[in-house]
Each structure stands twice: as structure tokens, then as C-alpha cells.
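Enquirer: The chain contents come next:
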Amino acid sequence: MSSEFSPSTSRPSLYRRWTLSTLKEQSIRVLLFACALVSVATTIGIIGILVVETGLFFSQVSVGAFFGDTVWAPQSSDEPRFGIWPLACGTFLVAGVAGLIGLPMGLLAALYLSEYASERSRSILKPILEVLAGIPSIVFGYFGLVFVTPYVLQPIFMNGLGIDVGPFNVLSAGIVVGIMIIPTISSLSEDVLRSVPQGLREAGLALGSTKFDVSVRIILPAALSGIIAAFLLALSRAIGETMAVTIAAGSQPDLTLNVFRPVETMTAYIVLISLGEAAEGSIEKRSLYVVAMSLFLITLAMNIVARFILRRYRNEYQ
Amino acid sequence: MIESVITTDPHLARRHRWGGLFEWICKLATWGCLVILAVMIIGILINGWPHLSWSFLTSFDSVNNPKTAGIKAGIWGTFWLILLMACFSIPVGIGAAVYLEEYARPNRLTRLIQLNILNLAGVPSIVYGILGITVFGHMFGFFGNAPPREAVWALPFGTKVMTGALTLSLLILPVVIISTQEALRTVPASLRHSSLALGATQWQTIRFQVLPAAMPGILTGIILAVSRAVGESAPLIMVGALSYVHQTPGNISSVTDFFTKPQGIMAAPFDVFTAMPLVIYNWASQSDPVYQSLAAAGIVVLLVVLLLMNTAAVVIRQRFQNWIRW
Numbered sequence: 001m002s003s004e005f006s007p008s009t010s011r012p013s014l015y016r017r018w019t020l021s022t023l024k025e026q027s028i029r030v031l032l033f034a035c036a037l038v039s040v041a042t043t044i045g046i047i048g049i050l051v052v053e054t055g056l057f058f059s060q061v062s063v064g065a066f067f068g069d070t071v072w073a074p075q076s077s078d079e080p081r082f083g084i085w086p087l088a089c090g091t092f093l094v095a096g097v098a099g100l101i102g103l104p105m106g107l108l109a110a111l112y113l114s115e116y117a118s119e120r121s122r123s124i125l126k127p128i129l130e131v132l133a134g135i136p137s138i139v140f141g142y143f144g145l146v147f148v149t150p151y152v153l154q155p156i157f158m159n160g161l162g163i164d165v166g167p168f169n170v171l172s173a174g175i176v177v178g179i180m181i182i183p184t185i186s187s188l189s190e191d192v193l194r195s196v197p198q199g200l201r202e203a204g205l206a207l208g209s210t211k212f213d214v215s216v217r218i219i220l221p222a223a224l225s226g227i228i229a230a231f232l233l234a235l236s237r238a239i240g241e242t243m244a245v246t247i248a249a250g251s252q253p254d255l256t257l258n259v260f261r262p263v264e265t266m267t268a269y270i271v272l273i274s275l276g277e278a279a280e281g282s283i284e285k286r287s288l289y290v291v292a293m294s295l296f297l298i299t300l301a302m303n304i305v306a307r308f309i310l311r312r313y314r315n316e317y318q
Numbered sequence: 001m002i003e004s005v006i007t008t009d010p011h012l013a014r015r016h017r018w019g020g021l022f023e024w025i026c027k028l029a030t031w032g033c034l035v036i037l038a039v040m041i042i043g044i045l046i047n048g049w050p051h052l053s054w055s056f057l058t059s060f061d062s063v064n065n066p067k068t069a070g071i072k073a074g075i076w077g078t079f080w081l082i083l084l085m086a087c088f089s090i091p092v093g094i095g096a097a098v099y100l101e102e103y104a105r106p107n108r109l110t111r112l113i114q115l116n117i118l119n120l121a122g123v124p125s126i127v128y129g130i131l132g133i134t135v136f137g138h139m140f141g142f143f144g145n146a147p148p149r150e151a152v153w154a155l156p157f158g159t160k161v162m163t164g165a166l167t168l169s170l171l172i173l174p175v176v177i178i179s180t181q182e183a184l185r186t187v188p189a190s191l192r193h194s195s196l197a198l199g200a201t202q203w204q205t206i207r208f209q210v211l212p213a214a215m216p217g218i219l220t221g222i223i224l225a226v227s228r229a230v231g232e233s234a235p236l237i238m239v240g241a242l243s244y245v246h247q248t249p250g251n252i253s254s255v256t257d258f259f260t261k262p263q264g265i266m267a268a269p270f271d272v273f274t275a276m277p278l279v280i281y282n283w284a285s286q287s288d289p290v291y292q293s294l295a296a297a298g299i300v301v302l303l304v305v306l307l308l309m310n311t312a313a314v315v316i317r318q319r320f321q322n323w324i325r326w
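Note that the protein sequences, when read in sequence, are chains A and B. Those letters in the first sequence? Residues 1 to 318, by our numbering. Those letters in the second sequence? Residues 1 to 326, by our numbering.
Mixed in with the good hints, there may be bad ones.
Below, in silico cross-link-like pairs of lysine to any residue (SDA-like), each with a Cα-Cα straight-line distance of 25 Å or less [stated by the list, open to error]:
hint: 1; chain 1: A; residue 1: Lys24; chain 2: B; residue 2: Trp54
hint: 2; chain 1: A; residue 1: Lys24; chain 2: B; residue 2: His193
hint: 3; chain 1: B; residue 1: Lys261; chain 2: B; residue 2: Thr159
hint: 4; chain 1: A; residue 1: Lys126; chain 2: B; residue 2: Asn310
hint: 5; chain 1: A; residue 1: Lys126; chain 2: A; residue 2: Ile49
hint: 6; chain 1: A; residue 1: Lys24; chain 2: B; residue 2: Thr205
hint: 7; chain 1: A; residue 1: Lys24; chain 2: B; residue 2: Ser195
hint: 8; chain 1: B; residue 1: Lys27; chain 2: A; residue 2: Gly166
hint: 9; chain 1: B; residue 1: Lys27; chain 2: A; residue 2: Trp18
hint: 10; chain 1: B; residue 1: Lys261; chain 2: B; residue 2: Leu45
hint: 11; chain 1: A; residue 1: Lys211; chain 2: B; residue 2: Lys27
hint: 12; chain 1: B; residue 1: Lys67; chain 2: B; residue 2: Tyr291
hint: 13; chain 1: A; residue 1: Lys24; chain 2: B; residue 2: Lys67
hint: 14; chain 1: A; residue 1: Lys211; chain 2: A; residue 2: Leu224
hint: 15; chain 1: B; residue 1: Lys67; chain 2: B; residue 2: Leu45
hint: 16; chain 1: A; residue 1: Lys24; chain 2: B; residue 2: Gln202
hint: 17; chain 1: A; residue 1: Lys126; chain 2: B; residue 2: Lys67
hint: 18; chain 1: A; residue 1: Lys126; chain 2: B; residue 2: Ala13
hint: 19; chain 1: A; residue 1: Lys126; chain 2: B; residue 2: Val315
hint: 20; chain 1: B; residue 1: Lys27; chain 2: A; residue 2: Arg201
hint: 21; chain 1: B; residue 1: Lys27; chain 2: A; residue 2: Leu132
From chain A, some residues computed to sit far from chain B (all C-beta separations above 12 Å) [as the list claims (entries may be wrong)]:
hint: 22; residue: Ala65
hint: 23; residue: Phe66
hint: 24; residue: Ala110
hint: 25; residue: Val131
hint: 26; residue: Arg201
hint: 27; residue: Pro221
hint: 28; residue: Glu241
hint: 29; residue: Thr246
hint: 30; residue: Ser274
Calculated directly from the structure, the hints in this document are not laboratory data. Where is the CB? At the ideal position from N, CA and C, for every residue including glycine.
Build out the structure end to end from the sequences listed, making use of the hints.
Expert: Shown next as C-alpha cells:
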């Protein structure tokens with residue numbers, strides 16, 4: 001650095017490589033670099049801890065039992081069983097319901113904001129979506145448990161259709177997580193839609209397309225890869241979502257596709273084990289890390305794929 | 001003119017009708033978010049209204065008599081968390097962002113750090129809790145078991161305010177770095193060039209020109225990041241924070257206590273704690289309707305705190321936007 005900035009005057013003191021001021025400049029640079037390394041250390045810490053504990057777990061439970069068994073019963077005293085599928089099923093079921101609600105709503109909102117809305121409505125709607133994004137997940141969980149289940153789901157499905165809906169169920173958790181991810185999808189997709197060149201819109205309109213044709217048949221396909229990336233990022237948020245599902249979806253690790261039943265998601269299991277009295281180093285406590293490792297890998301893979309698609313998309317148009 | 005074409009061509013008329021319908025569907029989905037938000041807030045207000053009083057803010061949780069329970073321990077726990085979180089994440093976050101924007105050359109290491117930060121932003125918060133309990137709570141077991149409750153400045157931190165604050169700092173660090181980088185990018189290069197041309201060193205340029213110019217954007221980003229962390233409960237549950245606590249950190253429970261009990265300020269970061277979302281979670285998971293209503297009241301308090309923080313961010317953004325003109 002100092003060589004770049006050393007001025008070419010004839011005064012000898014300025015030729016000196018180590019003055020107090022260059023020393024200060026260098027140490028500040030090193031200090032700032034150390035700050036940047038904190039994030040790398042965080043990643044190394046997370047991966048290191050999860051890998052070590054997962055290794056210890058698999059020294060006691062076989063990999064085959066983990067992926068092959070269909071029962072998750074770590075607390076069972078006679079024969080604890082560690083099949084990941086009930087937890088995975090609960091997680092994906094909640095994320096699936098959330099996706100069915102959040103993806104169309106978020107995409108429609110993004111289309112409206114980028115193609116239809118006037119500046120005035122945008123200036124109202126964007127802050128509302130930001131507020132929705134800022135509401136803590138525990139509030140959504142409470143909303144699911146205390147409002148969605150008794151006032152929406154039970155009247156419709158239990159009284160209307162005669163389906164048994166318990167206080168904890170996948171549907172209410174999925175609905176509130178779906179609402180939670182709307183702002184993520186709408187803001188990411190809107191950025192993507194807005195970066196489609198204006199020329200495409202003008203060309204479509206000039207050829208006699210209606211506004212609907214332009215937005216759905218031209219802009220949407222052009223932005224498709226970016227929108228898929230937004231979906232992936234939002235779904236990975238839904239999978240990692242903790243408090244809302246812990247409160248609304250219950251804690252019953254069942255292998256089921258019935259959305260009216262309670263399930264236990266990976267995140268809910270982690271929370272319940274750490275609230276409980278499992279001893280440090282016990283197999284029960286270790287199972288927490290292996291579940292966290294699965295969660296970490298799933299969300300990381302989705303994030304990496306989404307970022308990759310987004311970068312490809314940006315290169316296409318910018 | 002268009003109207004007449006539409007009425008004469010049935011095919012085109014249908015397309016326009018369908019287009020209009022689609023616009024309404026989009027509009028409905030977007031404004032639907034406002035309706036959901038309104039229903040949620042009104043419903044929670046109605047549920048929590050009976051408990052919202054001054055005594056709710058100034059009394060502790062109660063098992064025997066839920067009617068007199070309050071969120072005092074949660075409020076003070078959250079206060080200390082915010083304070084300590086700011087102390088850690090502001091310097092480190094700004095430092096990292098300044099390094100990446102102003103010093104780093106576009107080489108492989110820089111790209112790696114950048115990519116790493118983006119990926120960290122997508123890691124579920126509960127995973128940070130696992131990191132927090134192992135690194136700050138137990139310190140890998142290097143220093144033996146957790147110190148007793150009264151111990152101040154003892155290692156490892158155990159389940160104290162410090163552990164929670166450090167964990168949440170790591171959680172918000174990627175967000176702080178990314179938003180600070182964006183703020184630094186809005187500072188025009190000409191400002192840096194003129195400062196360097198006048199003989200300032202690189203650090204002097206950053207310290208006296210770039211950072212002050214980017215400060216409103218940086219502060220807004222930090223406040224928003226901290227306000228996200230205030231609502232987080234999963235990492236705090238992971239690090240072992242309790243949900244039922246009958247004291248405030250350092251026994252400081254009013255503004256005057258800061259002056260009358262100065263030793264409490266040093267003790268508070270090493271005291272047991274709870275936080276507002278944890279208290280709410282504890283209440284929400286009880287089946288008794290009284291607790292459900294208490295949880296609603298707690299949520300109202302939490303949302304008011306978040307609203308205040310967000311308002312502060314907006315005010316800073318507005319005020320400085322008018323102030324700085326290039």
C-alpha cells in the first residue's frame with residue numbers, strides 16, 4: 001500500500017518506508033482485515049462444531065439407522081431410535097404449505113409493484129411489506145396458534161367439513177410462515193422484474209400486446225431464473241424458521257402428510273431439546289447437533305444454488 | 001379510440017377483460033398483506049388489552065398469580081442485549097465493511113469473504129445459537145465448568161447476558177456488513193480522490209470524509225439489523241437463557257439505578273437474563289387463556305419497541321438525506 005502512495009518529492013523523509021504514519025496506516029489496515037475475518041471465523045466455527053458433534057453422534061448411531069429408520073424417538077428409554085425422516089417430513093410439509101401460500105402471493109405482489117402500481121401506491125405498499133418483514137417470528141407463531149387455528153381453520157374444516165383439527169397443526173404453521181416469507185419473495189422478485197430492460201416492455205406494447213401479455217408472457221419468462229432464485233431463498237427461510245413452527249405446529253415427530261395433524265420440525269426439535277434437561281454429551285444432546293447439521297446443509301445448498309442463479313441472471317441483463 | 005377498438009373486436013375485448021381481472025388479482029394479493037397485518041395487530045391488541053397497564057411494565061413474571069405478571073425482566077434483559085450487541089457489532093461490522101470496500105483488492109480471498117458473508121446471512125438463526133453456546137457459553141470447555149451466578153468477568157461466560165449478546169452480534173454481523181457496504185458504495189469516488197489529492201492518507205480519507213458521508217446509511221442499516229435481533233428468541237433459547245427470571249441484570253431496574261448502583265453496570269453483562277421474546281414464548285406455550293392474553297400484551301410491548309427503533313432509523317435517514325448534498 002505504502003509504495004503506491006509514496007509521493008515522488010525530493011524530501012528524504014518521505015522516502016522512508018516506515019514512518020509513524022505509515023505504521024499507523026498499516027496497523028489500521030490489519031485491524032480492519034481482522035474484522036472481516038470474524039465472518040470467516042464464524043463459518044469455520046459453525047462447520048467445525050457441527051462436524052465434530054455429528055462425528056461423535058455417528059460413532060454411536062449408524063448412518064444407516066439415521067437415514068433408514070422411519071421413527072424418531074430419542075427420548076425412548078428402552079430403545080432410542082433416530083430416523084431423520086419424521087423430522088424432515090415435518091419440516092418440508094410446513095415449508096411446502098408456506099410455499100403454496102407465500103410464493104403466489106409474493107409473486108403477484110411483486111408483479112403488481114413492478115408493473116402496475118402507481119408511485120403513490122408503491123410508496124404505501126413497500127413500507128407495509130417492510131413492516132411485515134420486521135415482525136418477529138414469535139408473533140407469527142402466536143397468531144397461528146391463537147387466531148388462525150381457532151378462528152379460521154377450525155370453523156372451516158372442523159365445523160364445515162368434519163375434519164378433526166387439533167390446536168397444533170401443520171396448516172396453521174404453514175400459513176403463518178407463508179405470510180412471513182411474502183415480503184422476502186416480493187422484494188427480491190420485484191428487484192428482478194425491475195431489472196428486465198425497459199425495451200422489452202416497450203417492444204411488447206408496440207406490437208399490440210395488452211399489459212397482461214407484456215407482464216406475464218414477456219417480463220415473467222425473462223425474469224424467470226431470478227424469480228426461481230427468490231423462491232429458493234424464501235423456502236430456505238421457511239425451512240430454517242423456528243419459533244413460529246415451534247409454537248403453531250406442535251412437537252409430535254410423525255411421518256405424515258396430513259396437514260391437520262401436529263408434526264415436529266427439525267428446528268422445533270432443536271428448541272425442545274435445549275429447553276429440556278438433556279445432559280451434556282448424552283446421545284440425546286448429540287442428536288441435536290446432527291439435526292442442526294442437516295438443517296444447515298439443506299439451507300446452505302438452497303442458498304448457494306439461489307445465489308448462483310441470481311449471479312447468472314444479473315450477468316444476462318446488466 | 002382504444003375503447004372503440006375494444007368494443008368492435010371481441011377477441012381483443014376478452015384479452016383486455018382478462019388483463020383487467022389479472023391486475024385486480026395482483027392488487028388484491030398486495031393489499032391483502034395490509035389486511036393480514038391489520039388483522040394481526042388488531043387481534044393481538046384486543047387480546048392483550050386487559051393486561052396493558054403500567055404495572056405490566058414494572059412487575060416480574062408470576063406463576064401463582066398471572067394477573068399481576070409483568071414483563072419487567074424481559075424489558076431490561078432486552079435493553080442490555082441491545083446495548084452490548086451495539087458495542088460488538090457496530091465496530092466489527094463497520095470495520096469489515098470498510099476493509100472490503102476501501103482496502104481489499106478484488107482477489108480470490110476477498111471474493112471468498114464476500115461469498116461467505118452472503119451465505120452466513122442465510123444460515124438459520126438457531127444454528128447461531130449452537131455456535132454461541134459452544135464458543136461463548138462453554139468456551140469449548142477450556143476454562144472448566146460455568147462459573148457460579150455471582151461471578152463477574154469469569155470465563156466461560158455460561159448463560160449470561162454476554163453470551164446472548166455475542167451470539168446475536170454474530171447473527172446480525174452479515175446484515176450489518178452488507179448494509180454498511182451498500183452505504184459506502186453510495187459515497188462518490190470524487191470525494192475520496194479529492195481528499196487523497198489534498199495529501200490525506202487513506203485512513204484519514206475514510207475517517208474524515210467517507211465514513212461521515214455514509215453514516216446515515218450505516219446507522220439505518222445497523223438499527224434495522226439490531227431490531228431484527230431484538231425479536232429473535234431461538235438463539236437465546238439455545239444458549240440457555242431462562243424464560244422465568246425474577247430479577248433484572250445487575251439489579252438495575254430504573255434509570256436512577258445507573259447512578260446509585262454503579263457496580264450494577266459492571267455486573268449486568270455477567271448476570272442471568274431473559275428477553276422479551278422468551279417471556280412471550282413462555283406465556284404463549286401455556287394453555288391457560290390468561291397466559292395467552294399476557295403473551296398478547298407482551299407482543300404489544302415488543303412491537304412498540306421495534307416500532308420505536310424503526311422510527312429512529314427512518315428519522316435518521318430523512319434528516320441526513322436533506323443534510324448531505326453532493
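Enquirer: So, for every hint listed, does it hold in this structure?
Expert: Do the hints match the structure? See the list:
1. A:Lys24 - B:Trp54: violated, 53 Å
2. A:Lys24 - B:His193: Status holds; Cα separation ~21 Å.
3. B:Lys261 - B:Thr159: holds, 23 Å
4. A:Lys126 - B:Asn310: holds, 14 Å
5. A:Lys126 - A:Ile49: Distance ~40 Å between Lys126 of chain A and Ile49 of chain A Cα, so the pair is violated.
6. A:Lys24 - B:Thr205: holds, 14 Å
7. A:Lys24 - B:Ser195: With Cα atoms ~18 Å apart, Lys24 of chain A and Ser195 of chain B stay inside 25 Å; holds.
8. B:Lys27 - A:Gly166: violated, 34 Å
9. B:Lys27 - A:Trp18: Cα-Cα ~65 Å, so violated.
10. B:Lys261 - B:Leu45: violated, 36 Å
11. A:Lys211 - B:Lys27: At roughly 14 Å apart (the allowed maximum being 25 Å), Lys27 of chain B and Lys211 of chain A satisfy the hint.
12. B:Lys67 - B:Tyr291: holds, 9 Å
13. A:Lys24 - B:Lys67: violated, 60 Å
14. A:Lys211 - A:Leu224: Measuring from Cα to Cα gives roughly 18 Å; hence the hint holds.
15. B:Lys67 - B:Leu45: Distance ~17 Å between Lys67 of chain B and Leu45 of chain B Cα, so the pair holds.
16. A:Lys24 - B:Gln202: holds, 11 Å
17. A:Lys126 - B:Lys67: violated, 39 Å
18. A:Lys126 - B:Ala13: violated, 32 Å
19. A:Lys126 - B:Val315: Cα-Cα ~17 Å, so holds.
20. B:Lys27 - A:Arg201: Distance ~20 Å between Lys27 of chain B and Arg201 of chain A Cα, so the pair holds.
21. B:Lys27 - A:Leu132: Within the cut-off at roughly 17 Å; holds.
22. Ala65: holds, 23 Å
23. Phe66: holds, 18 Å
24. Ala110: Incorrect as stated: the minimum Cβ-Cβ distance to chain B is 9 Å, not above 12 Å.
25. Val131: violated, 7 Å
26. Arg201: Arg201 of chain A is indeed farther than 12 Å from all Cβ atoms of chain B, at 14 Å.
27. Pro221: holds, 16 Å
28. Glu241: violated, 8 Å
29. Thr246: violated, 8 Å
30. Ser274: The claim is violated: Ser274 of chain A sits with its nearest Cβ about 5 Å from chain B, within 12 Å.
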